[in-house]
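Line order of the protein sequences matches chains A and B. To convert, count from 1 in the first sequence and add 126; that's the working numbering. To convert, count from 1 in the second sequence and add 126; that's the working numbering.
Because the hints were derived from the structure by calculation, they are not lab data. Quantities reported herein were computed from a predicted structural model and do not represent experimental measurements. Some clues are possibly wrong.
Identical copies look the same in the list; a pair holds intra-copy or inter-copy alike.
As the list claims (entries may be wrong) - Dumping the calculated EDC-like pairs for lysine to aspartate or glutamate here, alpha-carbon to alpha-carbon at most 20 angstroms:
no., residue 1, residue 2
1, Lys238, Glu264
2, Lys313, Asp156
3, Lys137, Asp206
4, Lys139, Glu491
5, Lys253, Glu561
Protein chains: 2
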Amino acid sequence: MNTSELLAELKAKTGEVIDLRAAVSVLHWDQEVFMPPKAAPARGRQLATLSSLAHRMFTSEAMGGLLDTLTERLDELAPDDRILVDETSYDYAKATKVPAEFVEKFAEEQSKAYEAWTRARKESDFKTFQPHLDTIVELLRQKAEYLGYEDSPYDALLDEYERDMTAAQVRGIFTPLAEEQSNIIAKIAERGAQGDFGWVDQEYDEAAQLAFTEQVLRDMGYDFDAGRQDKSVHPFTINFDLHDVRVTTRVDPREPFSALTGSIHEGGHALYEQGFAPHDQRTVLAEAISLGIHESQSRMWENMIGRSLPFWQHYHAAFLATHAPRLDGRSAEDLFRAVNRVEPSLIRVEADECTYNLHVVLRFEIEVALIEGTLKVSEVPEAWNAKMKQYLGLDVPDDARGCLQDIHWSHGSMGYFPTYALGNLYAAQLFEQIESDLPALWSSVGAGEFAPLLGWLRANVHRVGRRMLPTQLIAHVTGREPEAAPFLNYLKKKYGGIYGVAL
Amino acid sequence: MNTSELLAELKAKTGEVIDLRAAVSVLHWDQEVFMPPKAAPARGRQLATLSSLAHRMFTSEAMGGLLDTLTERLDELAPDDRILVDETSYDYAKATKVPAEFVEKFAEEQSKAYEAWTRARKESDFKTFQPHLDTIVELLRQKAEYLGYEDSPYDALLDEYERDMTAAQVRGIFTPLAEEQSNIIAKIAERGAQGDFGWVDQEYDEAAQLAFTEQVLRDMGYDFDAGRQDKSVHPFTINFDLHDVRVTTRVDPREPFSALTGSIHEGGHALYEQGFAPHDQRTVLAEAISLGIHESQSRMWENMIGRSLPFWQHYHAAFLATHAPRLDGRSAEDLFRAVNRVEPSLIRVEADECTYNLHVVLRFEIEVALIEGTLKVSEVPEAWNAKMKQYLGLDVPDDARGCLQDIHWSHGSMGYFPTYALGNLYAAQLFEQIESDLPALWSSVGAGEFAPLLGWLRANVHRVGRRMLPTQLIAHVTGREPEAAPFLNYLKKKYGGIYGVAL
């Protein structure tokens with residue numbers, strides 16, 4: 127076969143794998159959104175069959191041979207096809223480096239660990255989870271050896287979620303970040319609460335809340351002809367194609383903001399996936415380059431836009447009308463302040479903008495120490511509680527509200543947490559550039575016009591797909607490697623204003 | 127490998143195929159119920175990839191070898207496993223008899239024919255469809271040669287939907303059936319309408335209609351923990367496992383009966399699939415033996431139960447309350463008569479119990495003549511219109527309301543239509559037996575108790591799965607081969623009563 131025939135063959139073969147993975151995603155989506163309870167065992171088998179089939183097809187020797195031959199002939203390919211071959215080869219290497227028996231063993235231990243974690247959290251007893259976490263850490267260290275790394279074994283794990291990022295690089299950013307954020311929240315705590323938000327606690331109609339989230343999603347540019355919103359226990363975004371990107375949300379009947387900010391967050395993720403280049407459809411290029419970049423999109427829309435004063439000035443009247451008469455008399459500024467309350471909390475998923483990253487830094491430091499072997503699993507609760515005191519000034523009353531609160535470790539995921547904070551930092555760094563590139567940004571947001579912002583993100587981030595690594599992308603767009611300064615400046619300005627204090 | 131290892135291997139291999147087919151079904155379900163419009167092209171590719179993969183896996187040489195070896199060792203197997211090997215071998219033979227190139231060619235022509243039929247129906251112009259139907263008939267005759275048959279090539283096609291049934295056998299039942307049913311409707315027409323049903327035409331709330339259908343489904347024994355009901359353009363039942371059997375319905379805002387009878391119909395299908403034997407799960411034995419048997423379940427619940435007077439006596443008060451004050455003052459008998467109006471119509475899907483089979487006989491006769499080569503495609507409209515006059519006494523004003531009304535031929539399906547009428551006949555024949563086995567049947571229906579009926583169907587039909595062929599099953603349960611008499615007796619008794627005339 128000549129080179130273009132080989133390339134066509136590669137696209138056909140990977141296309142089949144991508145179709146299978148899409149089916150896996152449809153089955154997952156259905157499981158979270160609509161599946162009846164008794165279907166769970168059958169669905170588990172169906173997912174296992176399809177996933178393993180997709181894996182077998184992708185890691186076949188034929189696929190390897192095709193990639194090898196094409197890699198030898200890279201200079202005969204157009205630039206886009208070269209990247210396609212490179213990125214597919216990267217995925218292939220990842221998928222074949224870890225032996226199948228290890229993957230199976232890992233899945234088994236994972237499932238036991240998850241079961242134990244569920245019990246442990248319920249009983250708030252770390253001891254129940256400890257032996258399983260021990261095994262998970264041991265397996266992750268082994269996995270790092272399979273994957274390979276230069277400096278820290280943690281680098282190999284981090285690379286699965288944030289390509290080419292290292293523990294050292296993250297530490298270099300996180301350490302000063304944590305120090306500064308701790309200072310900020312200390313000053314805010316000293317200043318004390320600015321206003322009483324008891325008025326928030328009322329009964330809000332679910333259908334009205336959902337309709338409002340859909341209107342905002344539509345305004346943001348989310349295409350409901352290429353997606354839909356449903357309800358689920360944990361909100362998520364999932365795609366089966368760039369023309370089928372779905373989001374979910376959940377509604378709190380006593381609080382009108384969480385469904386909305388949740389929908390905006392998922393909408394940010396979804397706009398990224400609806401924005402992949404159409405000519406990349408059904409290839410690995412129409413994928414997020416990293417979880418951090420993905421999170422930068424959701425966080426930017428949720429926090430920088432959805433928690434901004436101009437946003438609330440625009441939606442103020444409609445929001446009051448939607449929930450009338452409950453919020454009658456509340457100003458745009460009241461709503462803005464209500465969605466920007468700062469309060470150090472024990473729980474990451476409830477954390478506000480000023481404290482969120484601290485939850486992440488704490489987990490990152492513990493993960494690195496576990497993987498590098500400088501912390502024993504038995505010491506995790508102690509280390510956790512000490513860091514909660516150090517960063518957030520809080521005493522942890524029990525493990526359920528401490529080191530047992532997150533599902534990630536029980537799923538065998540380490541290296542995932544840092545991407546949440548990196549997402550915040552990328553968002554701020556990109557947003558600084560956006561404010562400079564689009565001088566009329568805030569007047570358009572204040573008029574409910576999000577097309578300029580979306581247009582910028584489409585051109586500079588979404589359509590790039592997997593063509594640039596995260597650090598490359600940030601550097602390409604902002605002229606600087608990822609750093610904490612833009613995020614800290616953003617926090618100081620916004621919350622300095624809200625709390626009337628120099629941060 | 128020893129025999130039990132081979133059997134385990136067969137179950138594992140077919141289990142994977144069944145999982146893949148389940149995924150195909152989930153993708154289809156989503157497409158009809160929730161998928162956003164722009165996703166259509168990607169979904170088409172995903173379905174094609176998964177279907178072809180399932181086909182490749184099922185028709186692999188390894189599968190064939192496994193089945194051959196197990197077939198040689200049938201006497202070493204337990205009875206259930208023997209049937210499993212036999213039935214899987216039957217499917218394998220079907221799937222491998224037709225060459226892949228033919229399947230591809232057929233799919234291509236099918237898709238062109240469907241497109242042409244859509245246009246032809248819109249413009250009510252058979253000529254647009256004619257050359258495509260010519261090709262379809264030609265291909266179906268070729269397919270019959272691949273599949274093999276003894277008497278008529280139509281037998282090979284019929285067997286795909288109604289196992290082991292032949293054109294001669296069906297003709298033997300249908301010819302006298304059509305004659306008697308024509309007489310019945312002539313007598314009813316002579317007698318004239320019994321009552322004015324203008325009161326039906328009002329506005330009925332959609333949510334209230336849906337809630338009522340769900341209550342009735344629940345009462346019937348449909349397990350919502352192993353299924354769900356959604357809305358779709360065309361109602362259907364689909365399963366991804368015997369613990370995940372879903373139905374859809376559609377709501378007419380000007381008519382409160384069609385959503386209900388539609389849901390009961392699909393519920394009848396769904397109870398069959400929820401009722402397969404749990405130990406047959408993830409094998410081909412947990413499947414309907416034929417479309418006719420499947421339809422017998424939907425028709426029995428829809429017509430014999432859902433259009434019975436005791437049913438309406440039980441639901442009368444709740445139905446009036448649901449739609450209050452619209453139906454205030456209407457008696458159970460009024461509702462019963464309203465859902466049992468007889469009116470010869472041009473359209474099969476709108477046909478009542480007295481006329482439905484005639485629509486089917488007409489199509490069956492045309493199909494057989496086309497496949498056996500005694501009728502040319504160009505003569506279809508003329509033949510259709512003549513039979514409409516003969517059987518239903520109606521003049522066909524145009525092809526859209528005549529031979530272009532159904533999708534089936536454009537999909538390349540011939541041999542499918544007879545199963546609708548066979549379903550009606552099987553239902554009546556089974557029901558005669560049920561009434562004899564369960565003397566308290568009607569008093570329990572009148573009390574909204576369907577458990578005795580469902581229990582009978584579970585034991586005698588549902589749990590059988592593919593263990594008996596349709597004719598075997600009917601003969602086993604009723605002591606007689608399929609026949610028209612029970613259905614005709616049922617019609618005469620019921621409609622003789624309603625119209626106050628000896629039929």
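To see whether the hints hold, each was checked on the structure:
no., hint, result
1, Lys238 to Glu264, "within (15 angstroms within a copy, 58 angstroms between copies)"
2, Lys313 to Asp156, "neither (46 angstroms within a copy, 52 angstroms between copies)"
3, Lys137 to Asp206, "within (13 angstroms within a copy, 44 angstroms between copies)"
4, Lys139 to Glu491, "neither (41 angstroms within a copy, 46 angstroms between copies)"
5, Lys253 to Glu561, "neither (49 angstroms within a copy, 63 angstroms between copies)"
Hints 2, 4 and 5 from the list above are not met by this structure, while the remaining hints are.
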